[in-house]
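As given, the protein sequences belong to chains A and B, one line each in that order.
Per numbering that gives the first Met the number 0, the very first residue in the first sequence carries number 0; after that it's consecutive.
Per numbering that gives the first Met the number 0, the very first residue in the second sequence carries number 0; after that it's consecutive.
For the record, the hints were derived by calculation from the structure and aren't laboratory data.
Certain hints may be false.
Said to hold, decoys possible - Going by beta-carbon spacing under 7 Å, a handful of chain A positions derived as facing chain B:
no., residue
1, ASP90
2, ASP113
3, VAL114
4, PRO116
5, LEU134
6, MET143
7, LYS148
Claimed, not checked - Pairwise CB distance ranges, derived in the manner of DEER restraints:
no., chain 1, residue 1, chain 2, residue 2, range
8, B, SER125, A, ALA23, 44 to 50 Å
9, A, GLN185, B, PHE258, 42 to 48 Å
10, B, GLU113, A, ARG92, 49 to 55 Å
11, A, PRO24, B, GLU113, 29 to 35 Å
12, B, LEU285, A, GLY94, 38 to 44 Å
Remember, it's a predicted structure, so these values are computed and weren't measured experimentally.
Built from N, CA and C at the ideal position, the CB exists for glycine as well.
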Amino acid sequence: MSDMDSQRRQFLKTSVGAAAVAIAPGMLLFDMAHGKSEAVSSKVRWGMLIDTANCADGCNDCVTACNKENGLSGGLSPTDSQWIRKVELKDMRSGRSLALPVMCQHCSEPPCVDVCPTGASFKRADGIVLVDKHLCIGCRYCMMACPYKARSFVHEPLYDQKPDVPRGKGTVESCTMCVHRVDNGQQPACAEACPNKSILFGNLNDPDSEISRKIRTVASVQLRADLGLDTGIRYQGL
Amino acid sequence: MMPTHSPLQFKNRLFYALVAAGSLVALMGLYAVYMMEHHGHIITGMNNQIVWGIPHVFAIFMIVAASGVLNVASIGSVFGKAIYKVRAPLAGLLSIAMLAGGLTVLMLDLGRPERVVVAATNYNISSVFAWNVLLYTGMFSLVVVYLWTMMERRMNTWSKPAGLAVFAWRFILTTGTGLIFAFLTARQAYGSALLPPMFIVLSFAWGLAVFHVVQAVIYVWNDKMLDPAILQRKKNLLGVFVIGSLYMVATYHMTNLYFAHQTGFERFILRDGGVYPSLFWWGYVLLGNLLPLLLIYMPGLGKNKCVMAASLLVILGAFALLYVFIIGGQAYPLNIFPGYEVSSSFGDGQVAGYHPSLYEFLLGFGGLAIAFLITAVSIRVLDFIPHDKPYIPE
Numbered sequence: 000m001s002d003m004d005s006q007r008r009q010f011l012k013t014s015v016g017a018a019a020v021a022i023a024p025g026m027l028l029f030d031m032a033h034g035k036s037e038a039v040s041s042k043v044r045w046g047m048l049i050d051t052a053n054c055a056d057g058c059n060d061c062v063t064a065c066n067k068e069n070g071l072s073g074g075l076s077p078t079d080s081q082w083i084r085k086v087e088l089k090d091m092r093s094g095r096s097l098a099l100p101v102m103c104q105h106c107s108e109p110p111c112v113d114v115c116p117t118g119a120s121f122k123r124a125d126g127i128v129l130v131d132k133h134l135c136i137g138c139r140y141c142m143m144a145c146p147y148k149a150r151s152f153v154h155e156p157l158y159d160q161k162p163d164v165p166r167g168k169g170t171v172e173s174c175t176m177c178v179h180r181v182d183n184g185q186q187p188a189c190a191e192a193c194p195n196k197s198i199l200f201g202n203l204n205d206p207d208s209e210i211s212r213k214i215r216t217v218a219s220v221q222l223r224a225d226l227g228l229d230t231g232i233r234y235q236g237l
Numbered sequence: 000m001m002p003t004h005s006p007l008q009f010k011n012r013l014f015y016a017l018v019a020a021g022s023l024v025a026l027m028g029l030y031a032v033y034m035m036e037h038h039g040h041i042i043t044g045m046n047n048q049i050v051w052g053i054p055h056v057f058a059i060f061m062i063v064a065a066s067g068v069l070n071v072a073s074i075g076s077v078f079g080k081a082i083y084k085v086r087a088p089l090a091g092l093l094s095i096a097m098l099a100g101g102l103t104v105l106m107l108d109l110g111r112p113e114r115v116v117v118a119a120t121n122y123n124i125s126s127v128f129a130w131n132v133l134l135y136t137g138m139f140s141l142v143v144v145y146l147w148t149m150m151e152r153r154m155n156t157w158s159k160p161a162g163l164a165v166f167a168w169r170f171i172l173t174t175g176t177g178l179i180f181a182f183l184t185a186r187q188a189y190g191s192a193l194l195p196p197m198f199i200v201l202s203f204a205w206g207l208a209v210f211h212v213v214q215a216v217i218y219v220w221n222d223k224m225l226d227p228a229i230l231q232r233k234k235n236l237l238g239v240f241v242i243g244s245l246y247m248v249a250t251y252h253m254t255n256l257y258f259a260h261q262t263g264f265e266r267f268i269l270r271d272g273g274v275y276p277s278l279f280w281w282g283y284v285l286l287g288n289l290l291p292l293l294l295i296y297m298p299g300l301g302k303n304k305c306v307m308a309a310s311l312l313v314i315l316g317a318f319a320l321l322y323v324f325i326i327g328g329q330a331y332p333l334n335i336f337p338g339y340e341v342s343s344s345f346g347d348g349q350v351a352g353y354h355p356s357l358y359e360f361l362l363g364f365g366g367l368a369i370a371f372l373i374t375a376v377s378i379r380v381l382d383f384i385p386h387d388k389p390y391i392p393e
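One chain only, chain A, in its complex shape (with noise of 0.2 Å):
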C-alpha cells in the first residue's frame, strides 16, 4: 500500500467520523421533535364523564391544576384566559344547587371549526379540538360561535410560556384536554387534580374502557343537547 493510499483512506475515515458526528445530534433532535411516529386515530375518542354530586362547593383543584398545567395567570377580569371554570347552578323551581367545572365540549361537531375562516380550529381524529396558533388570525368567530362560552382571547403580551403549551397574544385559546398529556399515556390534570375523582377521563370509543362502562349505567347528559354537536363531555347528576 502506497503512501499516498493509506493517507486516503485516513481522510475518508475522518471525513465519515467527523459527519456522523455533525448529523447525529440533528438526527435526535428531528426525532424528538417529531415526536411519536403514528398518527392520532379516529378509533380513540377522548371524554370525560364528570360525576356533579362529588364535585365540592368551593372547590377549585381542578381550575388551578389546568392553570399551572398551561401556564395560564389565573386572573380572573373578563380579559383574562380561563379554559376552565366553576359554574354554580341552582335549580330555579326546586332550588337544589350544585357546582360543576365547564371547558371546551370537544364536541364531535364543533361549531368553532365550522365558522373559523383559516381552518386553525380544528378537531383531531381522536376528538380533541384545539387551535392551530400558526393560522389563528384572531377574528374571535369561533368565541360567537361557541355554545359554552368555552374560549377566551389572549388580549396581552405572554410571558414564561410552558414549552408543551404554545400561546399567543392576539390568537384564542381554550382547554386542549391536555392534549400534550394525553399523547404521552397520562391523564389530563384537571381530571388528575380532582380530589373527589369527579372528572373520569378515558375512551368513549372503547366499550371496556371505565368512562364508557360507567355512561352506559349511569345516567349522564352533555350540555345543551338539543345542539345536536354530540359533545366528548358528560355530567352525570345535572
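Starting from the structure of chain A, add chain B where the hints point.
Same frame as chain A, but now just chain B:
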C-alpha cells in the same frame, strides 16, 4: 353660473384642507391599530364576553351600506330608469369606498392583522367568513368592471350585463353578511333565518341615505340644484326603504317575543337592558325611523334640507341598531343551563359589561375617513357627478 376667481380658489383650498383632515383621521386610526398591536386588545373595551365591539359596528355599517348604495345603480342599469342611470357611477364609487373602509376596519381589528394573507391561503369552505372573503373581493372587482363599462364609451354596451352581475352579487354579499349572525345557533340574539333578508332591506335604506348625503354635498359644492321632481322620487324611495327596514326589525323582535325561550332576551334588549333599550327605542326607532319618515312625508316638509336631515338620521339610527344588535346580542348571557340560575368567575348568567375605548372609535372613524378620502379624491379626478338631462316624467 360661472364661479368667480376667488371662490374657486377658496374651494380649492377647502378641498385640500378636507383631504388633509380626512388623512389625519385615517392616520389616527392607524395609530390606534399600532397601539392595539403593541399592547394587545387589552386597551380596547372588548373582552372574552363582548368579543366584537365598536370596530365591528363601524365595519358592518360600511359593508352593508356599500351593498345598499348600489341600489341606485341597479335601478338605473337593471330597470332602465334614466334618473338613476346617471347616478350609477357615483353609487359604484361610494360602494367601493365604503367596502374599502369597512374591510380595513375589520382586518385591522384582527388579533393578528399581519396574518390576513393566511385567510387567503388557508381556506375553510364551511366558514361563512371565508365565503365573505370571496364575496367582498368579488364585489370589489365587479364594481370596478361595472364602473369601467359605464365610464369608457366603447364599453357602454357591456354596462347592462355588468350591472346585472353587480345586482345579483350584492344580494348574495349582504346575505353573506346576515349569515355571519344567522349561523350562530347558540346565541339568543342571532341564529335566525330572518337576518339575511333583514340585512338586505336595511342595506337599501342605509345605502340610499349615504347616497343622498354625498349627492347633496356634491350639488352644494358645485352650486347645482337638484331637480325637485328627482328629489321627490328619491325621498319617496328612502321613505319606502325606511318603512321596509322597520318592518323587518319589528318582525325579528316579534317572532322572538313569541318563543317562550326567547322572551328573556327580548325583555333585556327592549326593556330592561339599560343602554340597549334606550338606544333601540330612542336611537333607532325614534331618531332613525320615525323622525326621518316625518321629515319625508309630512306635508310642507320633504324639501332638500329635510331629506338631508332625514338621511343623516337614518345613518345615525343604523349605528344605534348595530350597537344594540352586535353588542347587546353578546351582552345577554348564553343559556347553557336552561332552568338554572348560574354564576361563575367567567361571567356565566351575568350581563356582560362593555366600555368601548377611544382606540376603537379611532379605528372606526379611520375607516370612515378612508371611505371619505377615496370618494373625495375620485370625484375630484374623474367624472362621477350626476348629469341630469332636463327631466321628463316617465
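Hints and how they fare:
{"no.": "1", "hint": "ASP90", "result": "6 Å, holds"}
{"no.": "2", "hint": "ASP113", "result": "5 Å, holds"}
{"no.": "3", "hint": "VAL114", "result": "5 Å, holds"}
{"no.": "4", "hint": "PRO116", "result": "4 Å, holds"}
{"no.": "5", "hint": "LEU134", "result": "6 Å, holds"}
{"no.": "6", "hint": "MET143", "result": "6 Å, holds"}
{"no.": "7", "hint": "LYS148", "result": "6 Å, holds"}
{"no.": "8", "hint": "B:SER125 to A:ALA23: 44 to 50 Å", "result": "45 Å, holds"}
{"no.": "9", "hint": "A:GLN185 to B:PHE258: 42 to 48 Å", "result": "45 Å, holds"}
{"no.": "10", "hint": "B:GLU113 to A:ARG92: 49 to 55 Å", "result": "52 Å, holds"}
{"no.": "11", "hint": "A:PRO24 to B:GLU113: 29 to 35 Å", "result": "34 Å, holds"}
{"no.": "12", "hint": "B:LEU285 to A:GLY94: 38 to 44 Å", "result": "43 Å, holds"}
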